[in-house]
Amino acid sequence: MPIYRRKGSPHFWMSISIPGRPRFRGSTGETNERKARLVEAETEQKMRAGLSRPAAWRIRECFAAYWEDHGQHQATEDDIFRSLEILSAHFGADTEIIGITNSLVMDFRSLRRGGMIKVGDREFGTVSPSTVNRDLAYLKAALTWANEMHGQQIPALAWKRLRMAEPEHRVRFAGEDEYTRLLQGAHASVQAIIVAAVTTGLRKDNILGLEWHQIDLGRRTITIPRTKGRKPLAVRISPPLAAVLGRTAPKDRIGKVFDATNFRKRFAAAVKAAGLVDFHFHDLRHTFASWARMSGADLADICDALGHSTVAVTMRYAHIKPDAKDTAFDRVGAMLQPRKTRRVSHSKAQ
1 MPIYRRKGSP HFWMSISIPG RPRFRGSTGE TNERKARLVE AETEQKMRAG
51 LSRPAAWRIR ECFAAYWEDH GQHQATEDDI FRSLEILSAH FGADTEIIGI
101 TNSLVMDFRS LRRGGMIKVG DREFGTVSPS TVNRDLAYLK AALTWANEMH
151 GQQIPALAWK RLRMAEPEHR VRFAGEDEYT RLLQGAHASV QAIIVAAVTT
201 GLRKDNILGL EWHQIDLGRR TITIPRTKGR KPLAVRISPP LAAVLGRTAP
251 KDRIGKVFDA TNFRKRFAAA VKAAGLVDFH FHDLRHTFAS WARMSGADLA
301 DICDALGHST VAVTMRYAHI KPDAKDTAFD RVGAMLQPRK TRRVSHSKAQ
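Residues in the sequence shown are numbered consecutively from 1, following the UniProt record's numbering.
The hints are simulated quantities; they were obtained by calculation from the structure and are not laboratory data. Only a predicted model underlies this, so the values are computations on that prediction, with no experimental measurement involved. Some hints here could point you the wrong way.
Cross-link-like lysine-lysine pairs, in silico, DSSO-like; alpha carbons within 27 Å at most [to be verified]: (1) K251 to K7; (2) K204 to K7; (3) K251 to K204; (4) K204 to K160; (5) K7 to K256; (6) K204 to K256; (7) K7 to K35; (8) K160 to K272; (9) K35 to K46; (10) K140 to K118; (11) K35 to K118.
Input sequences plus hints: build the corresponding full structure.
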């Protein structure tokens, strides 16, 4: 197969098939077609000479093996691919992996933080320490894979010391008044998405990608086949969200549930109109968890509702004082009911 372009990559990729040997796919690390063909020819020559991979692996072989064997099958495949491209651009596709040093990794950290790394014609801007640490985690994973699965020699790097210090996890959530103002200032299509986010705690990608076949209004459930943690998640539909979903006629419940047209601009406009400071879409997920905690949900319940892998991740909400019992979904839904209804329900409970 000739060299080809891969979506999301500025480099040419190669796919080499030799009878009796596994197919080899990987990046040439080159944006110039002529140079890419030379890399392809060199790689094929070495394979025909009896080497399934070059004896001393370079960045290109290491990353290609990790991607083909493992990375492309993960839920975070887009993040992995982007990080490997950036790492390859910095270290050089022809650099032998054994030659990677602590000093080179520290240079990478500095350039990544300063927004000085280019991949092809694209320059990546300044990123947070957590993003740098994620890149380093993928570098470590690729090197470890090359060593454990392919017997390649890898450098002994001081990973703990190379990890950048991260600020304490940011937890910003909306108060009821802020939530009301946000809804009032939002476009109708965004209002529905905001209600879905606050009543389910789902991530933005899950909500914007939601399709009608995942929704069962009769049983009041939403099924997410695969979350960030690569596991299915069942979400209960509370009355406020059911009312929003019910506005769509049964005959029109096909395809995407929500209209995401110009979503980013429309949400930003809603935040501005509401006068909210330092507020992002992901904060609606924090709002769900924080309101659930304030209404009495225990951490285990919130952990299940958010699809966290462990309660330790949910501990960021431990400082919020609970005072009632029910499921996380019911509590947030109750908070969004009209105040008159809430007072009647409260008096009956007493």
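For which of the previously enumerated hints does the structure constitute a violation, in increasing order of number? 1, 4 and 8
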